[in-house]
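Asks: Given only the sequences and the hints, what does the whole structure look like? Please build it.
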Amino acid sequence: MSPSHGFFSLEGRSGYDFNRFPSHGFFSLEGRSGYVLFLTASRKVMGSSQSKKDPDRFFTACRQGDVATVRRMLENRPTFDINPKDHDGNTALSIACLHGQVDVARLLLNHGANIETTDKYGCTPLLQACKSGILNLDVILFLLKNKADINVSDNDGCTPLMAACSNGMTETVDLLLQYSPELEARDNKLNTALMIACTRGFTPAIINLLQYGADIEARNDKGFTPLMLACKAGWCNSVRSLLEHGAGVNAQARDGATPLTLACMQGHTNVVKVLLENGANVNACDVNGSTPLIMACEKKREDIVDILLKFGANVNAMDRHGNTALNIACKQGLDTIIGKLLKKKANPNGSNDAGATPLIILCFMKNYEMATILMEHGANVDGANNHPFTPLIASCLVGDLTTVQFLLQHNASTDLRSARGMNALGAASLKGAEDILDVLFNHGANINISDDSGTTGLMIAAYQGNMAAIEFLLKKKASINQQNFDGCTALHFSSQERHEGVVKYLIHYKADLDIKNKYGFTALMIASFKGLSTIVNIMLEHNASRGARTDMSNTFGSTALMLAARGGHTNVVKLLIDHGADIDYATPNGLTPFLVACVKGHSNLAKILLDSSSKPNRINVNSTTEEGFTPLMLASWGGHDDVVTLLLDHGADTNAGDKNGRTALMLASLNGYKNIVEDLMDHKADIFMKSKTGLTALDLASFQGHASCVQVFMLHGTRINVNPTDGYTALMIASMEGHYNAIHALLQCDDINARSSNGTTALMLACFNGHLDIVRLLLQHNPDIDTTNNDGSTALMCASQQGHLEVVRVLLEHNACVSLRDNHGFTALFLAEREGHKSIVRDLGIHIGKSVKDESPTLDDKARSDEQGCSPTNTTGCPPTNAEGCTPTTGCPPITDCPPTTGCPPTTGCPPIDPKGCSPADAKRCPPTTGCPPTTSCPPTNATDCPPTDVTGCPPTTGCPPTTSCPPTNATGCPSTNATDCPSTNVTGCPSTNATDLPPTDATGCPSSNATSCTSEGATGFSPPQTIGNTNLKSTLCYALEGNESRKWSLTPNSTSDDTPETTTSANISDKQADASLRLVKELLDEFEHFCSKVEEKEDSSRPIIFSPNININPQYRISAENVEYLLARGNIRRENRTTDPSLSDCDDEQ
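Residues 1 to 1151 in full-length UniProt numbering are what the sequence shown lists, from first letter to last.
If you are wondering where the hints come from, they were derived from the structure by calculation, not from laboratory data. Every residue, glycine too, gets a C-beta built ideally from N, C-alpha and C. It is possible that some hints are incorrect.
To be verified - So the derived label-pair ranges between C-beta atoms look like this:
| hint | residue 1 | residue 2 | range |
| --- | --- | --- | --- |
| 1 | N283 | D138 | 31 to 39 Å |
| 2 | N655 | D514 | 17 to 25 Å |
| 3 | E471 | N571 | 48 to 56 Å |
| 4 | G421 | K222 | 41 to 49 Å |
| 5 | G246 | G378 | 42 to 50 Å |
| 6 | G256 | Q482 | 51 to 59 Å |
| 7 | N151 | G256 | 27 to 35 Å |
| 8 | D578 | K684 | 36 to 44 Å |
| 9 | K684 | F556 | 33 to 41 Å |
| 10 | E541 | K477 | 25 to 33 Å |
| 11 | T336 | N278 | 26 to 34 Å |
Said to hold, decoys possible - Below are the DSSO-like pairs computed for lysine-lysine, each with C-alpha atoms no more than 27 Å apart in a straight line:
| hint | residue 1 | residue 2 |
| --- | --- | --- |
| 12 | K674 | K600 |
| 13 | K518 | K530 |
| 14 | K574 | K530 |
| 15 | K600 | K684 |
| 16 | K431 | K331 |
Replies: Structure representation (structure tokens):
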């Protein structure tokens, strides 16, 4: 067939049929992958305005070189898409270049075809032309002249030069080299074009590349050089050319391979010869220590062995396992090579790491002829001392009588033990070779010789069941009752391996049936344990007067009957009982055959044992073990329904308890055996009994989460709240362990708000352990969410302290109170902050902020206000004044847009003022009213609620304007007030207040406030911190609220240094946002209020403390920077330095 009527394959490519090719024909692509062309149907590739058939017609015209058709389609359709692709990503230009259609390629380029377009394999038109396997010089030259990228690479990293080298296109390589390609470009395996040419064996291309400066010592990812690749492939001419250009003949790859070892491994004789003639190291080895000679022996290449020996190869060189070329040759059975190596003085006694000598290897191979040759060259007849086998033992193991006789003739030792302790007689017994045993015996072998474990040939033969060997050994007076170091005899071995004929034969030769091994097992016990009824019967019936004893026990106290009962071997049990086995025998810890059958669940055996006992000696179904377990308990614990039923039918006590007070019902409940629980309860098992730990059967079922058992107890009317010693109910136990289904069953009857002895509820336990699904389930049944345990902790506190974020969120969704404190004064927010649970701190803070945005309190808020001492709202949604006319305390339901009450100072969460006009200070929890120093006693107020000064130095109530109705000086001599100002300081030290210290007043005489808050802090909010008390707090957070219409919040960190203050930034926020921020900051600060009064009592009096209004921050309870950063990020507060105020000199912005 002429080229114009066929097609050729390009390995790995697909997609194009064609009808004609260049007149110079085509080439096959030997060994290449990725390019196959074949006849195909039309492809559905369309341009924007083309019909479905246009792309196929267009591709066909390009493939066939139909210039006229291509031109007509391009010129008649201005919108014709010139760059459509087929399913392989080929464009028309790619197809034309692939098929050598240079005129079509020129036409396409003139109409804007993309010269660098790639197919799905990453091939450009130039790469396709170089890979095509045909001589596309015209196309390649055309593309190069049109600036095609000569160094482009496909997905495998192949460049045009590599493709040309792979295809053996010398002319293409020459042409590409003229355009200065990158000679050292690498494909994905780091091969260069030279390496590819060496692999393919294209010598002309190799020479051209070397002349253009290709690196002859370049290495790929395996460390192979071009010479190694040529040697491995066996290209002798290429090897010569590389060597002539100076390639390193002894270069090593990463695995230590050299050009010579690679050639030897592949069996390239001519290459080996060329390398050796050019100075290759004949003894070079790889990382495994294998030399060229060893490799040649492994490959069975005698011709290469001859060449290597001719060039002086070391015949005794060893690989890393200690094998020499002779060892390898013996293993491969290379008789000729063995002879050649021996002639070159190979060591016949060289042993490898396992101790194998050439003679031992030949004996295992049954190579008698070569063994004789080795012996002639001085091989040691007994082999190496460190090998598991000697040559004689090896021959015995494989049953090679000829070699055995030969070795014995050369005085091989019959009693010599190998490194493993084996001897020749034992090896022959293992093989069962009676003829070899006879030869050994005739050469003086000891018939009772044992190995290192004391095992004799008879024992080995019994173990293997080799009757012929056993008969021979017994006839030669082998000791039938000899024991090895474990106390086993030949009868033990044959019983264990079920060799019935051997057992009978040994008993016939008077084997002792009652010999025990070191664990106290007789042959009968072994057979009973394995359920070998035939062997048991042989032992029991053979010569009844000397039959096996059934009353013997092993080291663990078990008899043959107990061992059979343990395995559930009914037939063996019957045989033993029929031969007088004691069914009432008990071990020292109280186990009987009946108890063993019950604990293992063998109901048939238990019934047999019950039926086999006579009335006077009937089995006691309530017998106990040393630990107090009855058969019923053991059967219930194991879940053996049939045994339980059998025992109940025979009157077993359902309420008996072990030493720990556990009954059968408790044990069945603990393991979740519902059927047994029902059976026991039907037989009047006491469901209210407690173990010594105070747990009932229901508690144990709840602990393990066995919902089915819990439901059974519910149906039987079990009292759920029968508490154990610590007061935990079944619901609490299940909640603690997280057993959803059990809790679902318990909630039908249990009190969800029941409390343990320490006040803990089921909800608290679920929250503490982070069982989210349990918390949700419990909340569906409306538990008291804010109840506290004896330590004052709520469910929210438990979850917050343990870091269970999702549980906290669920509790907040159900309106858990955030402001409650435990007995230590800690809130949920503080506990989360202390434990470092940042996400929970954030969520609690957000929840606090949201609370002040609520327009009116809910019914839940009102109900909670009664519990927390909060005032209810009136009909207008604003809180009425309390008995003293003051607003409710902080922490009550948030109310917005209410005017403040008049005549009262603002409160910060403390009790309302008393009738005398002063808020009583609570030294343990609440600070004094804003702006006043701590005090426990203030003078009575006058008619206008403004107190006079007294001998203690108490100033008038903060927030009161100057008034003319203040009383005159008192007996202490403090000056009286006039109509224009407040009292001035007198000699007694009474403090004065002037007009600049007071906020503006409204018509009522009290400070004005913003109508957006029911509790006004006054225009100045928090006053500057003061230095009071005597403690050291080097760094403290100081907060200030700067009051004006825009409601700016500021975080004011201060430093003791005189450095320049940081730049101050601030953000204006809405009234509602300000309210939320105010509430959040106050809550954060409130966490530490109760430590205020303790600071002065505990700390050293020589150190100062920073005291911010109404708040002391103990060093061990600091607010983290994350909480502050949260407000900063929202723009609700700002950061600034104030070094001018000495009262803030100790504030540290690091916090």
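Asks: Does each hint hold? Answer for all of them.
Replies: Against the structure, the hints come out as follows:
| no. | hint | result |
| --- | --- | --- |
| 1 | N283 to D138: 31 to 39 Å | 54 Å, violated |
| 2 | N655 to D514: 17 to 25 Å | 44 Å, violated |
| 3 | E471 to N571: 48 to 56 Å | 30 Å, violated |
| 4 | G421 to K222: 41 to 49 Å | 46 Å, holds |
| 5 | G246 to G378: 42 to 50 Å | 47 Å, holds |
| 6 | G256 to Q482: 51 to 59 Å | 54 Å, holds |
| 7 | N151 to G256: 27 to 35 Å | 34 Å, holds |
| 8 | D578 to K684: 36 to 44 Å | 38 Å, holds |
| 9 | K684 to F556: 33 to 41 Å | 37 Å, holds |
| 10 | E541 to K477: 25 to 33 Å | 28 Å, holds |
| 11 | T336 to N278: 26 to 34 Å | 28 Å, holds |
| 12 | K674 to K600 | 19 Å, holds |
| 13 | K518 to K530 | 18 Å, holds |
| 14 | K574 to K530 | 15 Å, holds |
| 15 | K600 to K684 | 25 Å, holds |
| 16 | K431 to K331 | 22 Å, holds |
The earlier numbered hints that this structure contradicts are 1, 2, 3.
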